[in-house]
Amino acid sequence: MLDFMVEGTGNMKIAVLSGKGGTGKTLVSVNLAAVSKEATYIDCDVEEANGHLFFKPQWIEKEDIAVKIPQVDKKLCDGCRNCVNFCKFNALVYVNDELKIFDEICHSCGGCILVCPQKALTEKDKIIGIIKKGISDNVTIYTGVLNTGEPSGVPIINKLLSEKNLKENKLTVIDCPPGSSCVVMESIKDADYCILVAEPTLFGVHNLKMVYQLVKLFDKPFGVVLNKCLKEDNPAEKYCLENDIKILSKIPFDNELGTLNSNGEIVANKDEKYKKIFSSLLNKLVKEVQNEAVVNP
Amino acid sequence: MKQLLILSGKGGTGKTTIASAFIKLSQAKAYADCDVDAPNLHLISGWNSEPTRSDYYGLQKAEIDLNQCIQCDQCRENCRFDAIKLDEVYKINPYACEGCSVCEFVCPTGAIKMVPAVAGELMLYSDKEKVFSTAQLKMGSGNSGLLVTEVKKQMKSAINEEVKVAIIDGSPGIGCPVIASLSGVDMVLIVAEPTVSGISDMQRVIKTAVGFNTKIAVCINKYDINIDNSNKIEEICNHQELDFVGKIPFDSEVVKIINSGQTIVDVDCISGQEVKEVYEKTMNSLFN
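Chains as they are written, first to last, in this note's numbering: chain A, 1 to 297; chain B, 1 to 288.
Derived from the structure by calculation, the hints contain no laboratory data. One or more of the hints may lead you astray.
As the list claims (entries may be wrong) - Listed below are the simulated PhoX-like cross-link pairs for lysine-lysine, each with C-alpha atoms no more than 25 angstroms apart in a straight line:
#: 1; chain 1: B; residue 1: Lys138; chain 2: A; residue 2: Lys88
#: 2; chain 1: B; residue 1: Lys256; chain 2: A; residue 2: Lys250
#: 3; chain 1: A; residue 1: Lys132; chain 2: B; residue 2: Lys207
#: 4; chain 1: B; residue 1: Lys85; chain 2: A; residue 2: Lys164
#: 5; chain 1: A; residue 1: Lys62; chain 2: B; residue 2: Lys207
#: 6; chain 1: B; residue 1: Lys91; chain 2: A; residue 2: Lys216
#: 7; chain 1: A; residue 1: Lys126; chain 2: B; residue 2: Lys207
#: 8; chain 1: A; residue 1: Lys88; chain 2: B; residue 2: Lys113
#: 9; chain 1: A; residue 1: Lys159; chain 2: B; residue 2: Lys91
#: 10; chain 1: B; residue 1: Lys215; chain 2: B; residue 2: Lys164
#: 11; chain 1: A; residue 1: Lys56; chain 2: B; residue 2: Lys207
#: 12; chain 1: A; residue 1: Lys209; chain 2: B; residue 2: Lys256
#: 13; chain 1: B; residue 1: Lys256; chain 2: A; residue 2: Lys238
Said to hold, decoys possible - Some chain B residues flagged as far from chain A (calculated, every beta-carbon gap over 10 angstroms):
#: 14; residue: Glu162
#: 15; residue: Lys215
#: 16; residue: Glu235
#: 17; residue: Ile236
#: 18; residue: Val265
#: 19; residue: Asp268
Glycine included, each C-beta is placed from N, C-alpha and C at the ideal position.
Let the sequences and hints guide you as you build the complete structure.
As structure tokens, then:
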């Protein structure tokens with residue numbers, strides 16, 4: 001462990017996002033947490049949670065996450081099909097004198113229970129994934145993992161971001177899923193500041209535009225980290241300059257960094273020059289969030 | 001028609017780069033981009049014409065008529081998605097609303113109605129020879145799986161002659177859009193990346209695909225950035241008896257080629273040469 005950890009982060013909550021996958025969200029999130037004196041790292045990318053592969057934490061708590069799904073008492077069901085007609089997700093069908101329930105399609109809205117005149121439907125828990133809490137040096141890690149075959153990680157993300165995980169007086173870094181859909185919105189809704197990570201490709205720019213719109217819609221203060229920067233023209237940088245978007249940091253494309261990262265190493269803990277990149281980014285974020293508090297108290 | 005779907009688990013491993021090369025090499029008559037959350041294939045597929053656009057309506061969303069609302073709180077109490085808040089008056093958050101219509105059902109005064117909502121846009125590029133179906137989910141929308149199904153439907157309905165192969169670019173992850181894209185395809189090609197994250201995500205997407213009764217093949221992109229990890233991926237494939245169809249080296253030219261709107265087989269480069277071999281093996285496996 002190297003010295004000079006960044007202090008004074010207070011309880012600020014930073015969300016790290018990018019439209020496109022593979023731009024370096026986890027690299028930025030993990031290393032920001034690592035250079036802070038004390039931090040909580042929350043991995044909301046529940047379909048492909050990878051932060052723990054870098055921290056290799058000692059797990060101290062595990063919790064199954066369940067959703068409610070309906071079950072039918074066949075003796076009570078008289079085949080009225082009210083539930084089938086009500087369900088907007090088509091999760092119930094009545095065939096061969098029997099009600100069938102498709103768990104994977106069910107959104108757990110509880111509507112079928114409400115409309116059943118025979119009270120033939122009740123709810124049971126179905127486990128869709130797990131949340132684990134672990135410790136690695138100065139960082140507390142929360143990671144959510146969606147079970148394969150399950151369609152939606154939103155209930156896990158909601159639980160991950162529940163107040164008990166966010167209220168502690170230290171830096172919180174939220175590693176978001178890719179894209180700009182509802183799961184990303186869930187992940188950024190409590191953030192004080194958003195980092196958009198972009199790579200220097202045509203694809204990177206196209207997807208940066210989408211998350212840029214998302215953070216504007218939510219009125220979140222934000223800045224961009226340009227990752228994998230090459231000597232050539234950087235279309236993502238050009239887009240930022242044209243739209244007056246703040247560039248917080250430029251991380252160069254670097255074989256050594258790539259190799260360390262591909263082996264699951266936290267680069268800031270391995271080399272002073274990488275530590276510098278992320279601690280100066282974190283210092284900048286502290287200032288940005290303070291300014292924001294003055295301008296928009 | 002055989003349908004080949006390209007997936008990866010982890011984002012950014014090279015799905016679209018490889019899909020665009022395959023489309024060129026096969027002179028595909030039909031192809032689609034099912035990454036409706038962050039579509040990119042249209043940026044390098046060389047269409048000069050404008051697509052036919054149509055609105056995609058997801059599920060309806062709740063709207064509340066405050067004149068009829070008696071503030072009984074039934075809607076808020078019964079909403080499982082925290083989409084209804086009392087802030088002097090009752091308000092519905094359209095981003096949180098999943099369209100289940102429970103609130104409409106429980107409202108005693110009929111103040112809540114379900115109304116149609118645009119959740120994205122479908123685009124269809126077509127000429128005499130080929131069709132390309134793609135879509136963009138509206139920011140903050142859910143239910144991307146339904147839109148993925150629409151993209152595939154749109155592609156199929158636009159094909160009028162005998163088409164041998166359709167190439168479908170998928171989305172990262174293992175959730176709803178991936179599951180929707182897997183349904184009905186003949187083969188999945190997984191583009192793996194030799195990083196600890198890439199391996200972990202590859203294993204999760206394999207597990208997801210196994211349930212779909214489709215052939216599964218794996219290739220490695222940028223294999224030489226970490227040879228040990230690449231060997232591990234090959235071992236996993238051997239162990240699970242999955243088709244291993246080759247590896248593509250890291251090539252610094254790729255960024256330049258993609259940024260010029262071309263595919264890696266349009267230019268003479270090492271990744272372009274190697275992807276041809278991956279393509280041949282994949283097609284052999286798909287048709288045998």
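So if I understand the rule, the pair passes when the alpha-carbon distance is 25 angstroms or less; does Lys215 (chain B) with Lys164 (chain B) pass?
17 angstroms, holds
Assess, step by step, whether the Cα of Lys256 (chain B) is no farther than 25 angstroms from the Cα of Lys250 (chain A), and give holds or violated.
19 angstroms, holds
Lys132 (chain A) paired with Lys207 (chain B) [C-alpha distance capped at 25 angstroms]
Holds - the C-alpha atoms of Lys207 (chain B) and Lys132 (chain A) are around 21 angstroms apart, at most 25 angstroms.
Tell me if the straight-line CA distance from Lys159 (chain A) to Lys91 (chain B) falls inside 25 angstroms.
23 angstroms, holds
Between the alpha carbons of Lys138 (chain B) and Lys88 (chain A), is the straight-line distance 25 angstroms or under?
Holds, at about 20 angstroms.
Is it true that the CA of Lys85 (chain B) sits at most 25 angstroms from the CA of Lys164 (chain A)?
22 angstroms, holds
For the pair supplied as a hint, Lys126 (chain A) and Lys207 (chain B), confirm whether the alpha-carbon distance does not exceed 25 angstroms.
Measuring from Cα to Cα gives roughly 19 angstroms; hence the hint holds.
Quickly compare the C-alpha distance for Lys56 (chain A) and Lys207 (chain B) to 25 angstroms and report which way the hint goes.
Between Lys56 (chain A) and Lys207 (chain B) the Cα gap is close to 23 angstroms, so the pair holds against 25 angstroms.
Given the hinted pair Lys62 (chain A) and Lys207 (chain B), is their Cα-Cα distance within 25 angstroms?
Holds, at about 22 angstroms.
Need the status of pair Lys91 (chain B), Lys216 (chain A): alpha-carbon distance at most 25 angstroms?
Holds, because 21 angstroms separates the two Cα atoms, which is no more than 25 angstroms.
Assertion that Val265 (chain B) lies farther than 10 angstroms from chain A (Cβ)
Given a closest Cβ separation of 17 angstroms, the condition holds.
For Glu235 (chain B), is the shortest beta carbon distance to chain A beyond 10 angstroms?
Given a closest Cβ separation of 17 angstroms, the condition holds.
Checked against the numbered hints given earlier, the structure satisfies every one of them.
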